[in-house]
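Undergrad: Let chain D serve as the given structure and place chain Y on it in line with the hints.
Now for the letters of each chain:
Number of protein chains: 2
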Amino acid sequence: MVSDHSPSDPSPQQPLTDLSAAEVAQVHARQTAAYDALRAQGLGLDLTRGKPSTEQLDLSDGLLSLPSTTRDRSGADVRNYGGLQGIAELREIFADLLGIDADRIVAGGSSSLTMMRDVLVDLMLKGAVDGERPWAAEEKVTFVCPVPGYDRHFTLLSWLGIDTVTVPMLEDGPDVDAVARLVADDPSIKGMWLVPTYANPTGSVVTQEVAERLVSMPTAAPDFKILWDNAYALHHLTSAETKSADVLSLAAVAGNPHRPVVFASTSKITYAGAGVAFLAGSPETVAWYLGHLGKGSIGPDKLNQLRHAEFFGSADGVRAHMAEHRRIIAPKFAEVDRVLTERLGGTGVASWTRPEGGYFVSLDVLPGTASRVIELAARAGVALTPAGSAFPDSHDPDDQNIRLAPTFPPLADVTPAMEAVTTCVLLAATEKLTGA
Amino acid sequence: MVSDHSPSDPSPQQPLTDLSAAEVAQVHARQTAAYDALRAQGLGLDLTRGKPSTEQLDLSDGLLSLPSTTRDRSGADVRNYGGLQGIAELREIFADLLGIDADRIVAGGSSSLTMMRDVLVDLMLKGAVDGERPWAAEEKVTFVCPVPGYDRHFTLLSWLGIDTVTVPMLEDGPDVDAVARLVADDPSIKGMWLVPTYANPTGSVVTQEVAERLVSMPTAAPDFKILWDNAYALHHLTSAETKSADVLSLAAVAGNPHRPVVFASTSKITYAGAGVAFLAGSPETVAWYLGHLGKGSIGPDKLNQLRHAEFFGSADGVRAHMAEHRRIIAPKFAEVDRVLTERLGGTGVASWTRPEGGYFVSLDVLPGTASRVIELAARAGVALTPAGSAFPDSHDPDDQNIRLAPTFPPLADVTPAMEAVTTCVLLAATEKLTGA
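Line order of the protein sequences matches chains D and Y.
This note's numbering puts the first residue of the first sequence at 1, with every later residue one more than the last.
This note's numbering puts the first residue of the second sequence at 1001, with every later residue one more than the last.
Only chain D is shown next, with the shape it has when bound in the complex:
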């Protein structure tokens, strides 16, 4: 019974839609009071972006006094120009971690997003390694976007005038039947985004089977690309340390070796602003990328790469380092789930993910209320990612998805922030159900 719940324990624990109009009105009144109390607290909390916390960044402060030498293993002075592909010792560490040959990996600057932009620009201006002409010469270019997904992926497409078509992101990856249908007939569909492991924001992990279908499905466009943004490959939240599908080998076996372009970075391993980003692909893809990259670069910051190689020492060094991250952030995810479960469990107006890795929880609220929840939260001093941001053009057709990013705030802040969110979710839901 809803009347059992005080404002400090506001979850009705039974579907709101099963309640009578009068009972819903009661819940609404109680949530309104709870919300007023919330506003009076004058919170200033932020769950907007997937940023590492200060405590996480501190884990990498050994970098600040590295490197201890200025020559890489080959004897090259990392302070000088050159070495476009990045230093071998760091590529080897990530080759091990990503299951990709080191010579198929490029170690670049501090941003994998910049590498993605460069790849898209090269595709638009120059065409793919297996393409016939620049994409910009096509009448139309379209990307398949699993949703909810990563806002910056969609922004890049919109910036380049690339159209989007969405497919649902399921637990085992994108709805591969839907993808296969789309790409089979329409040659304007030139590629798709994918965060294969612990996806942003759903936490989905692309299975071996789904990966196999994606790299082998017939595509009307001969130069179809999968931009495989493996940003969270190593970012496990549980001891079930999922291994990403070996997309490059699968693609080669399927006869489509140039289809995937793989991205990764240490932005959420060492420093979000001063890490090292990686690109990988078929030998031809790597040569294609470096050929264009070399027009505007004489080499990456190899000093920072050597700094990272020394800091980690080996792939196991990275694994041990990631365990430290997990120690810090897993309790925050657990707290998000605890508050959501206690306050929204059984209400029928919210469902959410319990990711085994990555940086996000994807919260679905009563359809039509996500933007209202975000607005209410903002007024109560809790910043959430803008409504719809996990969809192309920021358009969530059902207005129900909210991306929660609990890593940045201290654990002590996650609790009040999430309590506030649940109050807003219930208030928005009862507003809608009562027509208030």
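To be clear, the hints were calculated from the coordinates, so they are not data collected in a lab.
Fair warning: there could be bad hints in the mix.
As the list claims (entries may be wrong) - Each computed PhoX-like pair below joins lysine-lysine, with the alpha-carbon atoms no more than 20 Å apart:
id: 1; chain 1: D; residue 1: K140; chain 2: Y; residue 2: K1126
id: 2; chain 1: Y; residue 1: K1126; chain 2: Y; residue 2: K1295
id: 3; chain 1: Y; residue 1: K1126; chain 2: D; residue 2: K126
id: 4; chain 1: D; residue 1: K140; chain 2: D; residue 2: K126
id: 5; chain 1: D; residue 1: K126; chain 2: Y; residue 2: K1140
id: 6; chain 1: Y; residue 1: K1126; chain 2: Y; residue 2: K1140
id: 7; chain 1: D; residue 1: K295; chain 2: D; residue 2: K126
Said to hold, decoys possible - Sample of chain D residues lacking proximity to chain Y, with all beta carbon distances greater than 12 Å (derived):
id: 8; residue: A21
id: 9; residue: A25
id: 10; residue: R39
id: 11; residue: A102
id: 12; residue: D163
id: 13; residue: L182
id: 14; residue: A274
id: 15; residue: V286
id: 16; residue: A287
id: 17; residue: A315
id: 18; residue: G317
id: 19; residue: P331
id: 20; residue: A383
Note that the Cβ used here is the ideal one computed from N, Cα and C, for glycine as well.
TA: Relative to the frame of chain D, chain Y by itself:
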């Protein structure tokens, strides 16, 4: 008389063209002998690229244990995401040095060449801040290229399908009458390259008067751009420390505030591979650049920026640091000039620059012999920049220009390398004059 000169002092010191055929044949025979002796030495020397030497890089090794803090002056954690324009304290130091307001400067990653590429890509794909459409939508885009110039500038144009038209680079900058004539009538001419101070490779310095004309000349293209690559702004070789023209103020006064886009970097101040690059322009240009940059970046490596800001402390810190560079490299330039003067002075088959700053000496040899000189030098173990590389499409119409870069080799290597070059210059000249 040529017969006065032994192979170890092979300069005829009088115009080869004034000699009789028999005398030229004598010189040729002697240079052939000198060249054979040279090859027998098995040299392995390199004057190809404008790279700082190890001794120069060592000057900045204070960077290796910086920064001492991880927060910038504003309190932002430089290890985390954000801060697209770069940290204020470093922008202020370079604002002072470049004579540009700090809020009109963007501090970026480690490469100004990458910033130039990004600007050109943005112009092609999105159009200028004062333009009507993307440059890629024009039938033709052409750039004015002062020659000899910087090979990587020309490569970028060729990569983007931008045509080139050359004008001579004079001592006080590009032939501004020629530039003004070209741009006045042809709306396809959308921009020009310029290294305004101690130009690559001529050492030319654009005067205030030339700068004024360039920013005020009428252009048929309303969105004409001057890509003002001030790579050597602070790289003085003498106590006459030339001050670059204040191109942004001049352009604003002339009513063309968006015409110049300024680039600079610390690649040849601190580390060539791990410095900080800068872009500057009108407030609208900066907003335009950041707007596009932000599509593919969440912020630059601010940690490296803070590292640099701490290392320098102030603009005067940079100036003192540049004096140390001068101490190391000025003797190398003096040695280049000494050998050239002693061995080629008065021969009439070579002229060269005596730069007051920058990284290069531009050597003009007997027309039609530059590629032969470079070929001869290569066979003798002295690497020179490929023939024609200071011209668009690597085409030096007179086959006479050779770019010498004496900074990287130790001083002790500059002497034999330059002696070898002079032998090759004389041999190629006498080959040509004798029809050998």
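Undergrad: So, for every hint listed, does it hold in this structure?
TA: We went through each hint and held it up to the structure:
no., hint, verdict
1, D:K140 <-> Y:K1126, "holds, 17 Å"
2, Y:K1126 <-> Y:K1295, "holds, 13 Å"
3, Y:K1126 <-> D:K126, "holds, 16 Å"
4, D:K140 <-> D:K126, "holds, 16 Å"
5, D:K126 <-> Y:K1140, "holds, 17 Å"
6, Y:K1126 <-> Y:K1140, "holds, 16 Å"
7, D:K295 <-> D:K126, "holds, 13 Å"
8, A21, "holds, 47 Å"
9, A25, "holds, 44 Å"
10, R39, "holds, 27 Å"
11, A102, "holds, 20 Å"
12, D163, "holds, 16 Å"
13, L182, "holds, 25 Å"
14, A274, "violated, 4 Å"
15, V286, "holds, 18 Å"
16, A287, "holds, 15 Å"
17, A315, "holds, 23 Å"
18, G317, "holds, 19 Å"
19, P331, "holds, 20 Å"
20, A383, "holds, 14 Å"
Taken one by one, the earlier hints fail for this structure only at number 14.
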